[in-house]
Amino acid sequence: MIFIVSFLVLLMLVGAVAASVFRDLISAVIAAALVSLLAAILFYLLHAPDVAMAEAAIGAALTAAIFIIAISRTKRYEE
Amino acid sequence: MRGLIAILLLIIVALGFSQSLAEIPFGTPRAKIGRHYIEEGVRETGAVNIVTSVVVNYRGFDTLGEVTVLFIAAIGLGAVLTVSGGGETRKTHPASLVLHTGCRFLFPLILVFGSYIFIHGHLTPGGGFQGGAIIASGFLLMYLGCRERRISRVASNLAESLGGLVFLVMGLLGLLFGGFFLLNFLPKGTAHTLFSAGIIPIIYIAIGFKVGSELAGIIDNLIEES
Amino acid sequence: MMSFLNSYIYYIGAFGLILIGLYIILVKHNLIKVIIGLGILDTGVNLFLISVGYVTKGTAPIYSESGIGSEHMVDPVPQALVLTAIVIGVAVLALALSLAIRLYQHYGTLNLRRIREQRW
Chain A
2 MIFIVSFLVL LMLVGAVAAS VFRDLISAVI AAALVSLLAA ILFYLLHAPD
52 VAMAEAAIGA ALTAAIFIIA ISRTKRYEE
Chain B
16 MRGLIAILLL IIVALGFSQS LAEIPFGTPR AKIGRHYIEE GVRETGAVNI
66 VTSVVVNYRG FDTLGEVTVL FIAAIGLGAV LTVSGGGETR KTHPASLVLH
116 TGCRFLFPLI LVFGSYIFIH GHLTPGGGFQ GGAIIASGFL LMYLGCRERR
166 ISRVASNLAE SLGGLVFLVM GLLGLLFGGF FLLNFLPKGT AHTLFSAGII
216 PIIYIAIGFK VGSELAGIID NLIEES
Chain C
2 MMSFLNSYIY YIGAFGLILI GLYIILVKHN LIKVIIGLGI LDTGVNLFLI
52 SVGYVTKGTA PIYSESGIGS EHMVDPVPQA LVLTAIVIGV AVLALALSLA
102 IRLYQHYGTL NLRRIREQRW
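Residue numbers (our numbering), protein chains in the order written: chain A, 2 to 80; chain B, 16 to 241; chain C, 2 to 121.
In case anyone wonders, no lab produced these hints; they're calculated from the structure.
It is possible that part of the hints are untrue.
[To be verified] Stretch by stretch, here's where chain C covers chain A in the computed footprint (C-beta under 8 Å, at least three residues):
no., segment
1, 2-9
2, 12-21
3, 24-30
4, 37-44
5, 54-63
6, 69-79
[Stated by the list, open to error] Lysine-lysine pairs mimicking DSS-like chemistry, simulated, CA-CA at most 27 Å apart:
no., chain 1, residue 1, chain 2, residue 2
7, C, 58, A, 76
8, B, 47, C, 29
9, B, 47, B, 203
[Stated by the list, open to error] Going by beta-carbon spacing under 8 Å, a handful of chain B positions derived as facing chain C:
no., residue
10, 32
11, 42
12, 48
13, 57
14, 66
15, 88
16, 117
17, 140
18, 144
19, 159
C-beta atoms are modelled at their ideal positions from N, C-alpha and C, and glycine is treated no differently.
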């Protein structure tokens, strides 16, 4: 059990570092959505099902969608 | 240079965090108000989901403030993006037949699923905000799959305003009947059934409509060209 | 080592997200990357709040019909706070992105250094 939680936390931190390093902004947004999804799994493992449902619906789906729509109206690559 | 100063500041923040985190051991029960809500929650409010009774009944005024903040953000976004009018027109290709048909088939199912979640907010995990977000995801699917359809402005504004008004009217009725704003004045009923917990299902249905139409309106404002 | 991990792994995860979000906000030039950093910082703070409210060997705060698990329940108050905070976080991100779109239409670039030089 502790190994699963450690693996998920490690993956979440790697995803956050990847969101900082990528130059293509759409890749950075998808890494941030990965962070939100893994945070939703960790919320469930901390016995908080309401918060897990809200984070999965809002953080992983709607946030990524509005970011991608905003990027399509501005530039795609970081200068 | 800027990176070095940033890393130095972050090391100072990290040291401060570690000092204070050492005093909070993981997993010990700490606040006594949580114990009171768990033990007396079902008897005082009638809702089986304790988080729902905290959000709507015990801390209902904070939920009213949060609905207001969401409303202000949606209005601000509409005001900032409508004045511009400088968007270049892009030709949108219509989606393929499989995607078009699949989105039209899935859209009512997603709406029914979202409605189920906010109607049963006091019995199972879920509630108004989660159900509203799922309904907004259904509208997003419609925008991506069938690109020529848009939701009508009148219906969206009507759903949003009605949701907020029902919440406020329920609070004022509580003031009328009992002397407290947002008092739970309807009968509590038996636990574990659908028509229980007083005004909590009514408020959550109003919040579900409001949040769903608001988030769909935000996406509509962002997609629209001018 | 194992007992240290066992007791503090959630704190380390939340804490790491807060630090990475702060680093992105302080160092990066592109405005949309700064907004992504704001979102990561928000997620880190929410994870920290929920992990403070955890009780060892507790269950989710919902009563079921069979009646098991009503002795130890996880603290419900931080969960109510975080539910509000997640929705407010998405509202702030939407408003910030609309302002970024307006900035791009006015200045033609999203690089914060060039915008700061062009202002005077």
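Status of the hint placing residue 88 of chain B at chain C (closest C-beta pair under 8 Å): holds, 4 Å
Residue 58 of chain C paired with residue 76 of chain A [C-alpha distance capped at 27 Å]: violated, 49 Å
Given coverage of the segment 69-79 of chain A by chain C, tested with a Cβ cutoff of 8 Å and a minimum of 3 residues: holds (count 6)
Proposed interface contact between residue 159 of chain B and chain C, which counts if any beta carbon pair is under 8 Å: violated, 18 Å
Hint validity - residue 42 of chain B Cβ closer than 8 Å to any chain C Cβ: Check passed: Cβ of residue 42 of chain B comes within 4 Å of chain C, closer than 8 Å.
Annotated coverage of the segment 24-30 of chain A by chain C, confirmed only when three residues or more have a Cβ within 8 Å: It holds: at least three residues are needed, and the segment 24-30 of chain A offers 3 whose Cβ sits within less than 8 Å of chain C.
Hint check, residue 48 of chain B versus chain C [nearest Cβ-Cβ separation less than 8 Å]: Where the cut-off is 8 Å and the nearest Cβ of chain C is about 6 Å from residue 48 of chain B, the hint holds.
Agreement of hint residue 57 of chain B with chain C interface, Cβ distance less than 8 Å: Cβ of residue 57 of chain B sits 6 Å from chain C, so the hint holds.
Coverage of the segment 12-21 of chain A by chain C, judged on three or more residues with CB within 8 Å: Coverage by chain C holds for the segment 12-21 of chain A (6 residues, Cβ < 8 Å).
Interface hint outcome for residue 32 of chain B [beta carbon to chain C under 8 Å]: holds, 6 Å
Minimum beta-carbon distance criterion (8 Å), residue 66 of chain B to chain C: holds, 5 Å
Satisfaction of hint between residue 203 of chain B and residue 47 of chain B, Cα-Cα up to 27 Å: holds, 25 Å
Hint check: violations occur at hints 7, 8, 16, 19; the rest are consistent with the structure.
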